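Residue numbers (the working numbering), protein chains in the order written: chain A, 4 to 337; chain B, 1010 to 1541.
Just so you know, these hints were derived from the structure itself, not from any lab. Hints are all accurate, no fakes.
In silico lysine to any residue, SDA-like type, Cα no more than 25 angstroms apart, as pairs:
1. Lys162/A x Met219/A
2. Lys1070/B x Gln289/A
3. Lys1233/B x Glu241/A
4. Lys1262/B x Phe242/A
5. Lys1369/B x Gly1412/B
Fair warning: this is a prediction, and the values are worked out from it, not measured in the lab.
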Amino acid sequence: MMKCYQFYFLLIVFLLTNRSSYSQNANSLAPEGSLRVMQLMKNPNGVRRYPDALPSLLRMMNEQTWAKFDTDPLFISELTDERIHENPILYINCDDQPNLEFSPEENQALRRYMELGGFVYLDAGIKASFLGADLGHSYAAWDERPEVKEWFASVFPEKAFIPLDRSHDLFRIFFKGLPKNSDLKIEASQKRLPETVLTFVEQEKWPQGTYSFVGMKVKGRLACIASPICAMGWGQDEFGHWIPPISFRIRESAENFDENLKLASFAGGTFEVTREDGLKDIIYSQPGQRPVWVQEPAGKWRIFKYYSGEEISNYAHAFYARLGMNVFLYALLN
Amino acid sequence: MKLVVSIIGSLSALLILSGQAPSFEQKADDSQGNLDANSTDSNVTVLPTLQRSSQTETIKKAEVDLRHGKEGERVGAAKLLGKYPSSLTSSILVGSLDDQSALVRRAAMVSLSEHFLNGFPLYDKSLVEKIFSKLGDPDVEVRREVSTLIPRLVSPMMRSGVERVMVNGRPVYRALPSTLRPDLLALTQRSFLDSDAIVRQNILKYHTYLQVPLPPVTLEKLLKDQDRGVLLTALDRVSYNASQPRVIAQIEKLSLHEDRGIRLKIVDVVRDSNRYNTKYRSILRSMTEDPDPEVTSMAAVELARFGEKIKPEVIDRIKKYLLSARGMSSQVTTILYAVSAMGVDGVEVYKALTGHGSSKMRTVAWQRFLSLSNGWKNPDGWIPALMDRDQGVRTAVINTLRGRVGTMGKISMGKLVGSSYADVRKFLAESLAGAENEAVLEYSFDLLIDENLNVRASTIRSLGVRRETGWLKIMERSLLDDEYVIQRAAMESLLTDPVRGILILKKYISKNPGERISAMIRIELQRAGIQP
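Start from the sequences, fold in the hints, and give me the full structure.
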């Protein structure tokens, strides 16, 4: 089995050469020997929220790098499936699973898989509690969701998830920084985002193309990562249109907000969410509406504004796709 | 003098906001409820400690700030009002859409969008028309917001109504058509060619909601647009002007576009527009020579669907494309199924794909190959499918063959009887019922002592159907088997012989009255009217 992973490593070193001028035609005629990514579906007949996501992302990697993936993920329903040891990457969309409860045998198999070099990507492994049952939202909390914490306490009782530093190699292994106009395939003069949105995205939401990830190291190697849901940003139809549309939640400030929001009428509940620095934001949420504003630890108050539209969606998709590709390429190289 | 009153539109203007913020005690209750709802999460609810103002007071203060504050205060007030959706706050925000500051106008538009998205649409036609008129705003962000919001503005803006007109001192009621105001119609038509690509794209997407026609000259310009999103959306609108020569000429040029996605879209467009002009068919033919095999394949299968014969070299490219495809993407799936439209030529493509690396692809290829070529008549054709390493492929093929395979010969059976796959051996056991005598003599014993229980049971059933010499002895022995499944198969076979079979069963239950199968035999015999 170790030989198998060593083979993949050598293969990827060969494959991961940046294609500065890629030909769209070249990708279609692919040689044999492509890598297959496993996807866990505890209920094989269950509903997948983003069925086009992973195949699209793998296809994009085939087009934009020399890495060669089978665009058809290998679905497994149990972690004791023997095929797990034939493939080095296991992708799990936590929102697609009926629950995150596994038998001791499965947990043992997962532990062995990770110890022997396997990489596990827990998409939607981070989920802020205030999102509740709303699965279509991504929020940059900085700790894994409680079910994941409980699960991995059974797999590696001696280990814990640790936030990934913004300077981690994973965020720049292939794509670096945020999408520019050329990446978005729009004219150089076109505004890629509204000004307030772009400022927030560049400085706080996704600085230098990073995001809120937590990871677990096994034998000195990053063997598992968890992120807020990213798969929603990977889908592309045959014409290159991104699917489905994505909106942005942005924190905005304005004059007197620190005084006004403290006293403004509010009828909902509040939630604490862990920040990157370990401190807590207090999220104010109105019943039947999306969260309205946030009180930050330093005493600053900001309002949540929601932006949707073609440019927002295209930008978000471009970011999530680049991030997703970085994750899989990092998994192969490490 | 005419007095015009919009009856429906005026109703919403009468609505006033009367809601009050709950008291502190109420807030504590809400918070507690949320705490319970999230009791399993690590995040906990915290109680606000400040005495907040009422909703009316908050809105009033924001309204004052929005009208009389400095720019920063006006921006803040516009943002805050987005959190209190109501007809009153929407009216206040609409009133600030002419603010001299673009930042205020942007904030007001975003807040209005928030109201709509939170399910609080504005119904007053004049207010909605005011929002829509900002499609002509000098600030691009405002225009983008408005154009994105069009689907939500259409209903109140395009609503028909009734007007009351005084004619010779008597009131007369007249219907108002659901059309766009003339100045807004002209504005929309100008916006087709807005300087911003997002606005152009949105107008192209939503102009039909507004019943604004897209002139052929404008469509032609948009088909030359440098923005990919605009171009793809414009291609969706070709059907309205598909018979226009200038549009056809532009489509022909785009069939050579450098972007593969655009060329794939062109295949879609020319397929749908084929009924408007014969030129579209010739564009499709030329696209079968596209450098990209996916475009070639899509164009070819569409031509095949029209009943056209496809050139052998094009079929060969499709075959190569499918053979090199990594798994079943949506495009590959479309092409794979559409190959059927090529008839006999398609059979060869499917045959080639039976050796594909993807099990899903092999499954479809085998099923189609066997169906299109009546392949079940030729064992040499389908035997390799039963040697496939993937159980899914074998199951699909066995399901296709089951009931269709005629008499199976000794040679065919000999090739499969040693298979390591139990599902294949079970299929052989089932096929024994209609196999050649020689094959039965040669291989039935092997299958009768198979390691797999289901194979043995199927063999017994088949032998029970054939009733070859000595079959009763086999059934009698099988009744003594340790496995209930085997006993039951033997019982079912013996029940079909009302003389000798029944006697054997009676003898068995008299000797083995306590066996589980004996109870079943008694029930079956009684059902057949025989006293055990």
